[in-house]
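Q: Sequence order for the protein chains is S and W.
Just so it is clear: in the first sequence, position 349 is 349 by the numbering used here, and no numbers are missing.
Just so it is clear: in the second sequence, position 213 is 763 by the numbering used here, and no numbers are missing.
For the record, the hints were derived by calculation from the structure and aren't laboratory data.
Watch out, some of these pointers could steer you wrong.
What the hints assert, rightly or not - Some chain W residues near chain S, calculated using beta-carbon distances under 8 Å:
id: 1; residue: Thr603
id: 2; residue: Glu625
id: 3; residue: Ala628
id: 4; residue: Gly631
id: 5; residue: Gly641
id: 6; residue: Arg653
id: 7; residue: Leu676
id: 8; residue: Gly682
id: 9; residue: Tyr802
What the hints assert, rightly or not - Quick list of in silico lysine-lysine cross-link-like pairs, DSBU-like style, CA-CA up to 35 Å:
id: 10; chain 1: W; residue 1: Lys791; chain 2: S; residue 2: Lys416
id: 11; chain 1: S; residue 1: Lys416; chain 2: W; residue 2: Lys679
id: 12; chain 1: W; residue 1: Lys791; chain 2: W; residue 2: Lys574
id: 13; chain 1: W; residue 1: Lys679; chain 2: W; residue 2: Lys647
id: 14; chain 1: S; residue 1: Lys370; chain 2: W; residue 2: Lys662
id: 15; chain 1: S; residue 1: Lys8; chain 2: S; residue 2: Lys295
id: 16; chain 1: S; residue 1: Lys198; chain 2: W; residue 2: Lys647
id: 17; chain 1: W; residue 1: Lys577; chain 2: S; residue 2: Lys198
id: 18; chain 1: W; residue 1: Lys791; chain 2: S; residue 2: Lys198
Values in this document were obtained by computation on a predicted structure and should not be read as measured data.
For glycine and all other residues, C-beta sits at the position ideal for the given N, C-alpha and C.
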Amino acid sequence: MLDIYKAKTIITMNPSLPRAEAIAIADGQIVQVGRLSDMEPLMASREHVIHAQFANDVMTPGLIDPHLHPAMAAVILPMEFITAMEWRLPWATIPATTTPQAYDERLQALIAAHPPGELLIAWGHHELWHGEMSRARINQFSSELPIVIWNRSFHELCMNDAALNMLGINAAAIGQREQIDLERGRFFEVGLSYAIGKLNPIILAPEWFERGMQRLVQVVHFGGQTTVGDMAVGIFDFATEMATQQKIIEEAQAPFRVELIPHSAALSRGRTADEVADFIDTLPTTNGHRLRYAKRVKLFADGAFFSGLAQLLPPGYLDGHQGEWLVTPPELEQAVRRYWQRNYQIHVHVTGDLGLELVLDILSLMQDEKPRIDHGFTIEHFGLSTPEQVSRAARLGARVSANIYYLHELSDIFAKQWVGQERAEQMGRIGSCFREGITTTLHSDFTMAPAQPLNSMWVAVNRINCEGNVMGPNERISPEQALRAVTINAATVLGCENEIGSLRAGKKADITVLGADPLTVDPITIKDIPIKATLFEGQVFPIQPITDPQ
Amino acid sequence: MIPLTVIAGYLGAGKTHLVNRLLKASKEPIGICVNDFGELNIDAALIQNSRGTTLELTNGCICCQLNDDLGAALEDLASTGITRVIIEASGVALPEKIAAYGRNWPGYQLHKTYTLVDASNIRRWLDDKYVGALVATQMQQADELLVTKLDLLGPANSRHWSWMREALKEWQVLPNGALTDAQLQALFAPSEVQTTEAQAATASPLHRPNLVATCTAAEQPISADSIRRLLRTNPHVVRAKGWFTDATQRQYLLQHVAQQTNLEQQPKQQNNSKRNGLVFLHHESTALDLSMLTTQHLSSPTT
Chain S
1 MLDIYKAKTI ITMNPSLPRA EAIAIADGQI VQVGRLSDME PLMASREHVI
51 HAQFANDVMT PGLIDPHLHP AMAAVILPME FITAMEWRLP WATIPATTTP
101 QAYDERLQAL IAAHPPGELL IAWGHHELWH GEMSRARINQ FSSELPIVIW
151 NRSFHELCMN DAALNMLGIN AAAIGQREQI DLERGRFFEV GLSYAIGKLN
201 PIILAPEWFE RGMQRLVQVV HFGGQTTVGD MAVGIFDFAT EMATQQKIIE
251 EAQAPFRVEL IPHSAALSRG RTADEVADFI DTLPTTNGHR LRYAKRVKLF
301 ADGAFFSGLA QLLPPGYLDG HQGEWLVTPP ELEQAVRRYW QRNYQIHVHV
351 TGDLGLELVL DILSLMQDEK PRIDHGFTIE HFGLSTPEQV SRAARLGARV
401 SANIYYLHEL SDIFAKQWVG QERAEQMGRI GSCFREGITT TLHSDFTMAP
451 AQPLNSMWVA VNRINCEGNV MGPNERISPE QALRAVTINA ATVLGCENEI
501 GSLRAGKKAD ITVLGADPLT VDPITIKDIP IKATLFEGQV FPIQPITDPQ
Chain W
551 MIPLTVIAGY LGAGKTHLVN RLLKASKEPI GICVNDFGEL NIDAALIQNS
601 RGTTLELTNG CICCQLNDDL GAALEDLAST GITRVIIEAS GVALPEKIAA
651 YGRNWPGYQL HKTYTLVDAS NIRRWLDDKY VGALVATQMQ QADELLVTKL
701 DLLGPANSRH WSWMREALKE WQVLPNGALT DAQLQALFAP SEVQTTEAQA
751 ATASPLHRPN LVATCTAAEQ PISADSIRRL LRTNPHVVRA KGWFTDATQR
801 QYLLQHVAQQ TNLEQQPKQQ NNSKRNGLVF LHHESTALDL SMLTTQHLSS
851 PTT
């Protein structure tokens with residue numbers, strides 16, 4: 001059986017045939033792309049159906065987010081959202097809540113709709129918009145329902161009496177503590193870890209985690225994605241993560257595949273480094289249809305960009321604080337060597353320019369020790385860099401997977417507080433990456449940024465930050481480069497470029513159907529292009545327009 | 551409350567070496583969180599039980615491998631009845647970050663933060679473009695520095711070391727040879743030590759070459775002035791520390807380093823469980839006469 005889909009236009013991302021009007025699919029694989037009339041010999045010899053349902057739409061290769069974290073999403077997505085920014089989620093659009101009064105009203109509405117006795121966690125509180133949070137403030141809305149208010153940054157939470165009772169947290173158990181303010185019900189830093197320890201039996205329970213994973217499936221589909229990379233399998237608990245993905249993604253036949261990249265350090269519990277590598281070697285033998293390992297591994301260099309823990313070259317952070325290393329440089333070198341020698345594709349989390357300097361030094365050393373050409377070594381996140389580092393990365397054959405959303409959300413505050421305007425404008429230096437010929441992709445690191453490749457493209461093309469200012473116009477990329485980034489380049493970075501990432505005969509029939517052409521619309525509207533459906537291996541999965549705000 | 555001690559320091563500073571010795575020497579059940587089991591050198595005969603990332607030893611000690619969740623490890627350890635916890639921080643950890651657990655985790659109190667300093671490499675690490683700032687911060691954030699590998703200093707490094715020695719205000723040498731039980735005791739429970747002069751020789755902490763310790767249990771009241779006078783008239787005392795109580799039942803914490811004497815009055819205690827005891831570290835060539843410590847107040851105040 002041959003299925004032929006007509007479209008207004010098909011953007012193939014195959015440079016030899018960039019545009020087409022029809023695509024013929026059999027058994028989940030593309031048989032032919034081109035003009036409908038050129039498919040006549042094919043149609044003459046095979047039973048076929050010509051579908052016109054997307055005849056007025058635009059097709060692109062199935063969009064790919066090569067770096068997100070399903071396990072983190074599974075913990076967070078079952079929470080309620082009360083946020084200062086609008087969040088478009090598949091099950092609802094969360095409206096922007098921008099005053100303390102509006103916050104309290106929305107919280108009361110959520111309480112009224114919540115099953116009695118069941119813990120309610122509301123994420124997204126921001127003091128600047130919503131006013132100070134306290135135990136007394138939550139108590140006035142409910143003394144019976146256990147409620148936890150989690151700060152937008154995840155760095156602090158606040159509970160009411162019922163939640164404290166439920167979790168067995170009381171003055172006798174706590175004593176006087178700097179980072180637990182029991183009177184106000186506030187927990188931060190070490191106190192936050194303590195509170196999370198008490199919440200873990202609930203938020204890591206199978207039913208919570210599975211509900212979150214089901215929501216993640218909706219989020220990924222809603223973003224028009226047909227492949228994602230789980231860029232740190234084991235980040236919570238390897239066995240739980242795999243069992244849940246097996247059930248919710250593989251067995252329930254989710255409309256996308258997950259390329260799995262193990263977090264080697266998280267697998268080290270009770271194993272030597274070599275035993276971990278041996279174990280990772282065996283993982284591809286467990287591959288299913290949608291969940292797949294390959295010779296890929298994730299390593300970490302410096303700290304989180306959002307938290308100001310990236311390691312910076314001089315002049316560093318202007319307020320004098322320091323970044324952090326997640327591992328000592330000699331240990332990182334040893335870990336890279338272990339997997340380089342085993343011919344792995346190595347993905348390194350690196351956020352600051354000093355972190356990048358170290359990673360490039362190590363890559364250079366590896367090239368001296370054992371030259372490899374098509375090694376796929378990938379710089380993950382790519383917050384701050386220098387132009388010279390971009391050239392050097394190109395010479396060493398490295399790839400770049402950038403969280404371009406940093407520029408949107410953080411460049412304003414980084415300019416004012418941490419690194420100054422010049423360096424803030426040049427975070428996510430991806431225009432230079434394209435000029436140097438580096439294979440460059442974009443990712444969300446969801447839940448760090450929305451899992452919407454069109455949104456990542458929009459930031460990369462326009463470089464508009466949250467204050468509406470254009471940051472680093474010379475580092476903008478074209479819509480065509482941006483689409484390349486989230487299709488064929490993302491596939492290449494995951495090592496799957498022969499199967500997915502463009503539309504040509506022989507590839508998997510993974511397609512995203514859009515309501516407008518991302519290469520010809522006004523670039524400022526790219527993020528608002530409607531996503532109508534995805535095809536995963538030839539099967540159509542429509543995307544329902546989002547429902548009204550709650 | 552379980553006392554929590556932090557052992558920090560950069561790669562190769564000797565943290566695991568110290569933990570290995572501690573595990574073997576411990577006479578009481580302690581909990582030790584380490585970075586990597588693989589680095590430990592535990593005799594198989596000493597392992598009673600092994601489950602996942604936890605080892606139970608025949609001497610009652612429990613050793614667990616740290617993952618990201620230090621708090622979970624502290625909860626597990628607290629439920630086992632151990633009497634104190636020692637955390638071997640990772641080579642990139644800031645001591646303050648780990649110490650915050652001692653201050654904030656319910657059921658625990660911070661005992662002390664040690665940063666180990668590898669004398670043979672410290673200059674190189676401080677100059678390193680990647681970790682120079684980290685290593686300096688690790689040293690700044692310690693309550694006390696423990697210097698290791700002095701015997702590995704070559705002539706060139708010796709010059710560096712004399713520079714470092716000037717720069718460091720408070721440090722002890724951790725000898726590479728076997729630590730005695732008493733030395734370990736001094737490192738990991740100094741606040742509990744009830745020393746007497748008779749024990750002074752063995753209870754002397756890890757000492758610098760040519761330094762000895764003189765201790766007193768300080769059971770009799772001692773005036774603050776007499777302490778100051780003793781230290782002023784005995785400049786060969788390089789370091790002193792401990793608690794004492796004066797005739798009016800006020801308790802003081804003494805810290806004396808680099809000829810600076812600091813006396814801090816302690817909050818009034820509800821019960822009578824005062825921990826008194828003083829340790830004086832001084833050059834062995836000159837004896838220290840503690841008989842001048844009296845209850846007597848001097849007429850002229852000293853600073």
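Q: Does each hint hold? Answer for all of them.
A: Hints and how they fare:
1. Thr603: At 5 Å from the nearest chain S Cβ, Thr603 of chain W passes the 8 Å test, so the hint holds.
2. Glu625: The hint holds - Glu625 of chain W has a Cβ within 8 Å of chain S, the shortest such distance being about 6 Å.
3. Ala628: 11 Å, violated
4. Gly631: 17 Å, violated
5. Gly641: 4 Å, holds
6. Arg653: Hint holds; Arg653 of chain W Cβ to chain S Cβ min 6 Å, cut 8 Å.
7. Leu676: This interface hint is violated because 14 Å lies over the 8 Å limit.
8. Gly682: 11 Å, violated
9. Tyr802: With a closest approach of 23 Å, the Tyr802 of chain W hint is violated.
10. W:Lys791 - S:Lys416: The hint is violated at about 46 Å.
11. S:Lys416 - W:Lys679: Holds: Lys416 of chain S and Lys679 of chain W sit about 26 Å apart, inside 35 Å.
12. W:Lys791 - W:Lys574: With a Cα-Cα distance of about 28 Å, the restraint between Lys791 of chain W and Lys574 of chain W holds, given a limit of 35 Å.
13. W:Lys679 - W:Lys647: Holds: Lys679 of chain W and Lys647 of chain W sit about 22 Å apart, inside 35 Å.
14. S:Lys370 - W:Lys662: Not OK: Lys370 of chain S and Lys662 of chain W at ~46 Å, beyond 35 Å, violated.
15. S:Lys8 - S:Lys295: 39 Å, violated
16. S:Lys198 - W:Lys647: Satisfied, since the Cα-Cα distance of roughly 21 Å is no more than 35 Å.
17. W:Lys577 - S:Lys198: Given that 35 Å is the threshold and the Cα spacing comes to 33 Å, the pair holds.
18. W:Lys791 - S:Lys198: 40 Å, violated
This entry does not satisfy hints 3, 4, 7, 8, 9, 10, 14, 15 and 18, going by the numbered hints stated previously.
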